[in-house]
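So the sequence lines, in the order shown, correspond to chains A and B. Each residue of the first sequence is one higher than the one before, counting from 1 in our numbering. Each residue of the second sequence is one higher than the one before, counting from 116 in our numbering.
Mixed in with the good hints, there may be bad ones.
Claimed, not checked - Over the 10 angstroms line for every Cβ pair with chain A, so calculated as not near, a few chain B residues:
#1 GLU130
#2 VAL134
#3 ASN142
#4 LYS157
#5 LYS160
#6 THR176
#7 SER183
#8 ASP197
#9 GLN212
#10 ASN213
#11 VAL215
#12 GLY219
As the list claims (entries may be wrong) - Calculated pairs, DSSO-like style, for lysine-lysine (alpha carbon to alpha carbon, straight line, at most 30 angstroms):
#13 A/LYS78 x A/LYS57
#14 B/LYS157 x A/LYS78
#15 A/LYS57 x B/LYS160
#16 A/LYS14 x B/LYS157
#17 B/LYS194 x A/LYS11
#18 B/LYS160 x A/LYS78
#19 B/LYS160 x B/LYS117
#20 A/LYS78 x B/LYS117
#21 B/LYS157 x B/LYS194
#22 A/LYS11 x B/LYS157
#23 A/LYS78 x A/LYS11
#24 A/LYS57 x B/LYS194
#25 B/LYS117 x B/LYS157
#26 B/LYS160 x B/LYS194
#27 A/LYS57 x A/LYS11
#28 A/LYS57 x A/LYS14
#29 B/LYS117 x A/LYS57
#30 A/LYS14 x A/LYS78
In short, the hints are calculated from the structure, not lab data. In this text, a Cβ means the ideal position worked out from N, Cα and C, and glycines have one as well.
What follows is the residue order along each chain.
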Amino acid sequence: GAGVSQSPRYKVAKRGQDVALRCDPISGHVSLFWYQQALGQGPEFLTYFQNEAQLDKSGLPSDRFFAERPEGSVSTLKIQRTQQEDSAVYLCASSPDGLPYNEQFFGPGTRLTVL
Amino acid sequence: RKEVEQDPGPFNVPEGATVAFNCTYSNSASQSFFWYRQDCRKEPKLLMSVYSSGNEDGRFTAQLNRASQYISLLIRDSKLSDSATYLCVVNRDNYGQNFVFGPGTRLSVLP
Numbered sequence: 001g002a003g004v005s006q007s008p009r010y011k012v013a014k015r016g017q018d019v020a021l022r023c024d025p026i027s028g029h030v031s032l033f034w035y036q037q038a039l040g041q042g043p044e045f046l047t048y049f050q051n052e053a054q055l056d057k058s059g060l061p062s063d064r065f066f067a068e069r070p071e072g073s074v075s076t077l078k079i080q081r082t083q084q085e086d087s088a089v090y091l092c093a094s095s096p097d098g099l100p101y102n103e104q105f106f107g108p109g110t111r112l113t114v115l
Numbered sequence: 116r117k118e119v120e121q122d123p124g125p126f127n128v129p130e131g132a133t134v135a136f137n138c139t140y141s142n143s144a145s146q147s148f149f150w151y152r153q154d155c156r157k158e159p160k161l162l163m164s165v166y167s168s169g170n171e172d173g174r175f176t177a178q179l180n181r182a183s184q185y186i187s188l189l190i191r192d193s194k195l196s197d198s199a200t201y202l203c204v205v206n207r208d209n210y211g212q213n214f215v216f217g218p219g220t221r222l223s224v225l226p
């Protein structure tokens, strides 16, 4: 079956530009997560949705970062006025329900480069 | 102290070797523990969950010591295909939906 998909796979932005990253979770999955992964590091939690509700956004690094999941399915991570330190791979993951021990299924990521 | 720490690596081992990875976590309230595997330039994938009693899946054995806040992963009879980065993952709170990934330990299995 279809896994988690993300688009675009690669994005090059000029500093100060706004970007929008899309995530299509596995159909029917309740939970959706966004992570930021810098080179040579593990993924860092950004935010978490259960259906359309954003239950935790404690990992968003600044108010330039905004995520939404208005219909409880597709999610968009928006970064305003991008900075060079925003360069990273942005990973989206989904899991079937809100239980803490479930496997997270990751998408291939969007590699963002800010020049 | 970082919330999740792992052996810095990299580990370079010959085929057939046994290798062990260590992970420590700082939040004593954590309830869920996992090992994920990440191939170069790919997304992480679940390798195995870690249970209090310890668990085994083929050549892989995971152990949890809650008192010491320590998790381990043992790989026996290493294969070339085991070459990857191994990520220790711990939930940050009782609801289990805010996960902390360790920095990962890279393993290269050599022919």
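Of the hints stated earlier, which fail here? 4, 5, 9, 10, 11, 12, 17, 24
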